[in-house]
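Engineer: Taken in order, these protein sequences are the chains called A and B. One rule links them: number in the numbering used here = place in the first sequence (from 1) + 178. One rule links them: number in the numbering used here = place in the second sequence (from 1) + 178.
Incorrect hints may have been included.
[Said to hold, decoys possible] What the simulated footprint calls covered on chain A by chain B, stretch by stretch (three residues with Cβ under 8 Å from a Cβ of chain B suffice, anywhere in the stretch; the number is not a length):
#1 234-245
#2 451-462
[What the hints assert, rightly or not] Partner residues are not named here, just some residues of chain B that face chain A (Cβ under 7 Å, in silico):
#3 F320
#4 W347
#5 G351
#6 R477
These aren't lab readings, by the way, just hints derived from the structure by calculation. Cβ coordinates follow ideal geometry from the N, Cα and C atoms, glycine included.
Protein chains: 2
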Amino acid sequence: MQGLARQNGPVPTTALIVLNQPSADAPPHSPGAPAFAGHDPASPLLSALDLGATRGDGIFETISVGNGRPQALEHHLRRFASSAAALELPAPDADAWRSAILAAIDSLDPAEESSVKTVLTRGIEGDGRPTGWVFATHSPDFSHVRTEGIRVVTLDRGYRHDVEQTSPWLLAGAKTLSYAVNRSVVREANRRGADEVIFVSSDGFVLEGPSSSVVFRVGDRLVTPGTGLGILDGTTQASIFRYAEGIGLETGFQLLTPDELRLADAVWLVSSVRLAAPVRELDGEPLAIDHDLTAGINRHLRALTE
Amino acid sequence: MQGLARQNGPVPTTALIVLNQPSADAPPHSPGAPAFAGHDPASPLLSALDLGATRGDGIFETISVGNGRPQALEHHLRRFASSAAALELPAPDADAWRSAILAAIDSLDPAEESSVKTVLTRGIEGDGRPTGWVFATHSPDFSHVRTEGIRVVTLDRGYRHDVEQTSPWLLAGAKTLSYAVNRSVVREANRRGADEVIFVSSDGFVLEGPSSSVVFRVGDRLVTPGTGLGILDGTTQASIFRYAEGIGLETGFQLLTPDELRLADAVWLVSSVRLAAPVRELDGEPLAIDHDLTAGINRHLRALTE
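Build the full structure now, drawing on both the sequences and the hints.
Structural biologist: Written out as C-alpha cells, the structure is:
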C-alpha cells in the first residue's frame with residue numbers, strides 16, 4: 179500500500195512545496211539539498227509519527243492570493259512566528275517560508291483568487307526537526323456569500339475572555355493545528371440551521387468565528403472585539419480597518435455582549451479567503467446587510483497587494 | 179524528496195498497520211484489497227491534505243500490551259467509538275480494528291511491555307474516506323516513576339466542570355488528535371520544576387491529567403473525580419477499581435478541589451502505558467507515596483489480560 183494520499187477523482191489545481199529547513203534553529207531534513215522542493219499533492223508526505231498528525235502539535239496560516247499576489251503576507255508571517263513562540267516550536271525562518279510561498283503560487287495555474295496554507299509541525303517525536311510545507315490551491319467561488327450573507331449562531335467557547343492572561347498554556351490566540359473544536363462548532367451551527375459561528379466567552383463576551391474575526395459597524399464606526407481576548411490578531415480585519423479609515427470611518431475596539439452585537443448596524447465575519455461575509459441572521463434574528471460597504475470592503479480586499 | 183518520514187538514526191522496534199476500510203460506513207481505500215496491510219514506519223503515510231494533520235480532526239487510543247496481550251482492549255474500543263460519535267466521524271469497525279491491533283502486536287518483537295496506538299482521522303477533505311492506522315512500539319522503562327513517583331502541578335483547564343453538559347460542541351471528554359494544549363501544559367509543568375499536570379476546572383474542581391486519570395486513596399476508599407466532567411472515561415482507572423474491590427477497598431467518585439486532594443492519603447496519575455504513577459509532590463508540597471498499594475496495583479495491571 180502506497181499510503182493514503184488521494185488516489186483517484188479529479189485533481190484540483192494545487193501545488194505542494196516542502197521546506198528542507200523550516201527553522202534555522204533546527205537541522206535540515208536533507209543537508210545540502212535545495213531550500214524547498216515540489217511534492218506531488220497526491221503522494222503521501224507525512225510520517226504516521228509526525229506530531230502534527232498524532233497530537234495536532236503545530237501551527238498554520240492561510241493566506242489569500244489575488245491574481246498571483248499574496249495578501250497581508252508579512253502580517254501572516256508575523257502571526258505564524260507568534261503562534262510558533264506560543265507553542266515553543268523552533269522559530270520559522272521567514273525568508274525560507276516567503277520563498278516557498280512565492281514558489282507555490284508560481285507553480286499554480288493563474289487564477290483570480292487562490293490561497294496558500296503554510297503548516298509547521300513539531301515533526302516526528304524525538305527527531306528534533308520540524309516539518310514544514312506550503313499548499314496552494316484555487317479558491318472556491320465565494321461571491322454568493324459575499325453578497326447574500328451568512329446565518330450565524332453564537333456558541334459558548336468555554337473559556338473566560340481573560341484566559342490568554344490567566345492561563346497562557348491553553349494557547350488561546352495561537353493558530354494551532356488542534357482545530358477539532360473549530361470544526362465541531364460548524365457542525366453544531368448546521369444542526370441549528372445556520373452556516374457559521376461566533377464564539378462567546380464563558381463570561382458572556384463576543385470573541386471571534388472559528389476561522390474568522392468579527393467586525394461590526396455602529397454609525398460611522400467600524401469595530402472589532404480587540405486583542406488579548408484569547409482570539410487571533412485578524413489579518414483581514416486589519417486590512418479592512420485601513421480601508422475604513424481611508425474612506426472616513428472611525429475604527430476601534432470594544433468588548434461587547436451578543437445582545438449588544440445584535441444592535442449593530444451591520445456585522446461581518448471576515449477571513450483571508452472568504453473575505454468579508456455579511457451576517458444576515460444572528461441566532462435566528464434577521465440582521466440588515468450593508469451592501470454598499472460590504473461591496474467596497476471586498477473590492478478593496480481583492481485588489482490588495484503587498 | 180520522498181517525504182518527511184524518519185530517514186536516519188536507529189529504528190526502534192515498531193510496527194505500522196494501515197486499515198483499508200476503517201469504518202463500514204465509508205468506502206474502502208482499495209476495493210478488494212485485504213482489510214489491512216503493513217507499512218514501513220520510516221515511509222510517509224499521510225497526505226498533506228489529511229484533516230488529521232491539518233486540523234487535528236480525528237481520534238486516538240493508546241493501549242498497553244503486556245507480553246503480547248492488549249489490556250482493556252474492549253474498553254478502549256468502546257471509548258474509540260464514543261470519541262468518533264462525539265466528532266461525528268464514521269463509526270470505527272470494531273472487528274477490523276481489533277484484527278489490525280492484534281496483527282500489529284504480532285509483527286513486533288516480543289517484549290514485556292509494549293503499546294499500540296490507534297488513530298482514526300476524517301481523511302482527506304472532500305474524499306469521504308477516513309484514514310486509520312495502528313502503530314505498535316516497545317514501551318520505555320517506567321519502573322523508576324512507578325516507584326519513586328512524579329511531581330505534579332495543578333493548572334487551570336479553562337473550562338467549567340459542567341462543560342460537557344452545557345457545551346458538547348467543545349468535545350470535552352472525547353480523545354481527539356487536537357492535543358496541542360495537552361502537550362503545552364506539560365511544558366508549563368517543566369518550567370515550574372514538575373513532571374506532570376492535574377487539570378482543574380475554571381470553577382475549581384480536580385479533573386484529570388493531560389493523558390491520565392487522577393485516582394486517590396482516603397482511608398480504605400479509592401476515589402476518582404468521576405464522569406460527566408468533560409474528562410475521559412479512564413480505562414486504567416477502571417481496571418484499578420476492579421483490583422481495589424478485589425482486595426477489600428471501597429471505590430467511588432467524588433468531585434473535589436485541589437485543597438481537598440492534598441489531604442488524601444495517596445494520589446496517583448494512572449494511564450495505559452505508564453500505569454500507576456504515584457504523586458510525590460503536588461504544587462510544591464510533598465505527598466506521601468503508598469508504596470505497597472502502588473506496587474500491588476502495578477503488578478496487577480502488568481498481569482492483566484483480556
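Engineer: Hint by hint, say whether it matches the structure.
Structural biologist: Cross-check of the supplied hints:
no.	hint	in the structure
1	234-245	holds (count 4)
2	451-462	violated (count 0)
3	F320	violated (17 Å)
4	W347	holds (4 Å)
5	G351	violated (12 Å)
6	R477	violated (29 Å)
Violated hints, in rising order: 2, 3, 5, 6; the structure is consistent with all others.
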